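Enquirer: Read off the chains here:
2 protein chains.
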Amino acid sequence: MLQSKLFTKTRKEGPSDEVSKNAELLVRGGFIHKEMAGVYSYLPLGLRVIENIKSIIRDELNKVGSQEMIMTALQGKEIWEKTDRWSDEVVDNWFRTSLKNDTELGLAFTHEEPITNIMKEFVSSYRDLPFYAYQFQTKFRNELRAKSGLLRGREFLMKDLYSFSKNKEEHDEFYEAMKGVYKNIFERIGIGENTYLTMSNGAPFSKYSFEFQTLTDAGEDTIMYDEKKKLAINKADYAEEIFADFGFKKEDFNFKEGVAGEVGDIYSLGTKYSKALGLTYKDENGKDHPVYMGSYGIGIPRVMGTVVEIFSDDKGIIWPESVAPFKVHLIELSSDDTNVSTQAMELYNELERKGVEVLYDDRSEVSAGEKFADADLIGIPYRIVISNRSLKGGGAELKKRNESDSNIVSIEDAVKMLSE
Amino acid sequence: MLQSKLFTKTRKEGPSDEVSKNAELLVRGGFIHKEMAGVYSYLPLGLRVIENIKSIIRDELNKVGSQEMIMTALQGKEIWEKTDRWSDEVVDNWFRTSLKNDTELGLAFTHEEPITNIMKEFVSSYRDLPFYAYQFQTKFRNELRAKSGLLRGREFLMKDLYSFSKNKEEHDEFYEAMKGVYKNIFERIGIGENTYLTMSNGAPFSKYSFEFQTLTDAGEDTIMYDEKKKLAINKADYAEEIFADFGFKKEDFNFKEGVAGEVGDIYSLGTKYSKALGLTYKDENGKDHPVYMGSYGIGIPRVMGTVVEIFSDDKGIIWPESVAPFKVHLIELSSDDTNVSTQAMELYNELERKGVEVLYDDRSEVSAGEKFADADLIGIPYRIVISNRSLKGGGAELKKRNESDSNIVSIEDAVKMLSE
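Which chain is which? The protein sequence lines are G and W, in order. Numbered by the numbering used here, the letters in the first sequence go through residues 2 to 421 in order. Numbered by the numbering used here, the letters in the second sequence go through residues 2 to 421 in order.
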């Protein structure tokens, strides 16, 4: 798209009340707007990143046969009382509201209860199982504090998947598969190397579970991680007996300590929700059994914020190509030379024709220095400059955001390289 | 997709408390789940329809240079107090909530205030205007009653676009263009013929505005409409002086009376919000002016519900191809004949390879009668049956949902016709 048409602009300073690096850079780059602590609007550049992350997740979930749906924020209390998650004493982050007739409602912070309730419509026989359903849906969590930018939201988009299986064996098979699915997702997003499958004790749903922790100073957790085995454990759980419960031996690992933030979790729910809400199936002999469930979450803004925390320098963001708002930032330095503008516009059209996503900085009345500073802040992976100098040198000046040196390449070669 | 894997099932009866035809058929077909009055979850088939409607709208809005973003549900009161839309006396459908520290919040029923506030970051000069920003975002409206299924929601997805122009002339040009954009959208969705640009008096934002009304008995309005001129007026506004204000002459029209439901609206906001919130720009001479705004809404579930109200018969829904959850419903009647299954699976694979979206009813243990009844209820545009009989007749039995007679066509011809 033409940058002269993009309604956002970069700014030199983040909001004065913003202490997190991810939100500061994203606000300055024009990706997000802070409505209040933990509540952000996504502007065109930011929404493109969100959609790229969603596409990767959707693709990986569909590959294992999951089905997409979407549930509601507004929740009546009946089903949540059955699982004892309605009262503020048990769940301390409900946003409460009510209908005009004073019926109490809450805004969903998760969806185990409503999805279990929905599935009572559709599950009756062993033939209906297993299956997997997920959504990208806005969660509301009334956090006391929200100072970590996108890493802890009061209103945020979450991917939550729920699995419905006949028994523990069938569940375990999918649960194990999901470890691989999550690994693929985080690798494709670009944080695979920094992300660890992490043993966790004291989860909300079962004694033990796994989460995915990404090494970043902005994280709220401390983990012990083994770089080679790609496995970690929360530091608080770093004990012989917990290793034994997970079926591991501590001495087989070479652990380092690091600060990390959770980017996903996979929980075995067992039959807790199906029993409480009456989700059962009949086996081959007509005998009733509760459905065996799992739940699997990824906070989309949290992933986006973590990417920014990891991939940035003092000049701005350095997006991995897979989630970048555009692949190419084309910068024209025309200073009233119409040939430069013409060549830049031709390159833009050619790249668009080849399906390459390009942000084309066609702005006049903006200095070269400002354009370069904006490009570094916004962090698109490839920067290609067309100027009088570059044309005299034989084409365009190409540079990756994470490299300091640029090369002059012919325009044909640039098109070839960037549309690969 | 394989229907044996789809987790939803059809049902004979709608919810006992559901009085609207659209919600009854959609619940019975497994498209939606009713959480409470006016609050519906979208199951896989329903979400596919929603996404198809969104794609058409997105495509038409992007064509005129609009930029997609997404704002938040949670709203602080400050900006709404400035426009006098915070108090319950003025706006009677707020859902209220609060932070842990008792800060009052509301759930957005619309977004004029937050978007005007956001744009203060980005608009300073006449060079920044005009531009257009839109979102697909969940609106919350605390309706006293919600008995019309998807036509009146308490929580529903809305497309809302906002235009920012330098002055009335520039605004009027875009406003006129949006009439055409909306016309294209409703035509592509399949309700163009039934939908009328409708003059309306007493809108919330200005004395006069236009809305788009679709003729359907489920609607809440009565309009006077001219079939040839494709223009209508709310019956309550059917008066000489209002025609004159719109610049029309009553005698130039041939009006009929009809019941209709609103599917979209386009409002000129003028400078009401920009003045109240301080969104101004400097002209060429450095003089400040308030930005001239417009807002343009389409309720996505309302459009979906309207389609169902219009396109259905006593057997079920009849989706227009452009928004149908799948293009083709392939039904295998195998009764243990493996050749039938093999041929059906081959056809399924061939259509998928060609990019045709197919729901393949591969279910065993379901009778032919049930499969046909399900197909009629779900309402996919093309039904193709493979059975022993059809294979003996030379291929597959092809029928459109809105036709009663089927034809035997060769499998090659079927592929050709359906992948066009």
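Because the hints were derived from the structure by calculation, they are not lab data. Here the structure is a predicted model, which means the values were calculated and not measured. Check the hints yourself; a few may be wrong.
[What the hints assert, rightly or not] Covered by chain W, per the in silico footprint, the following chain G stretches (three or more residues, Cβ under 8 Å):
1. 130-142
2. 227-238
[Said to hold, decoys possible] Taking lysine-lysine and the BS3-like style, the derived pairs with C-alpha atoms no more than 27 Å apart in a straight line are:
3. G/K83 - W/K101
4. G/K64 - W/K64
5. W/K257 - W/K273
6. W/K55 - G/K140
7. G/K55 - W/K236
8. G/K101 - W/K78
9. G/K140 - W/K236
10. W/K273 - W/K83
11. W/K78 - W/K121
12. W/K167 - W/K273
13. G/K121 - W/K148
14. W/K22 - G/K35
15. G/K55 - W/K6
16. W/K101 - G/K148
17. G/K121 - G/K148
18. W/K6 - G/K288
19. W/K148 - W/K355
20. W/K140 - W/K22
21. W/K316 - G/K13
22. W/K64 - W/K231
23. W/K6 - G/K169
24. W/K13 - W/K328
25. W/K180 - W/K236
26. G/K22 - G/K328
27. G/K169 - W/K167
28. W/K10 - G/K6
29. G/K55 - W/K55
30. G/K121 - W/K6
31. G/K13 - W/K283
32. G/K64 - W/K10
Every residue gets a Cβ at the ideal spot worked out from N, C-alpha and C, and that includes glycine.
Enquirer: Hints numbered earlier in the text: which of these fail when held up against the supplied structure?
Expert: 2, 4, 5, 7, 9, 14, 17, 19, 21, 27 and 28
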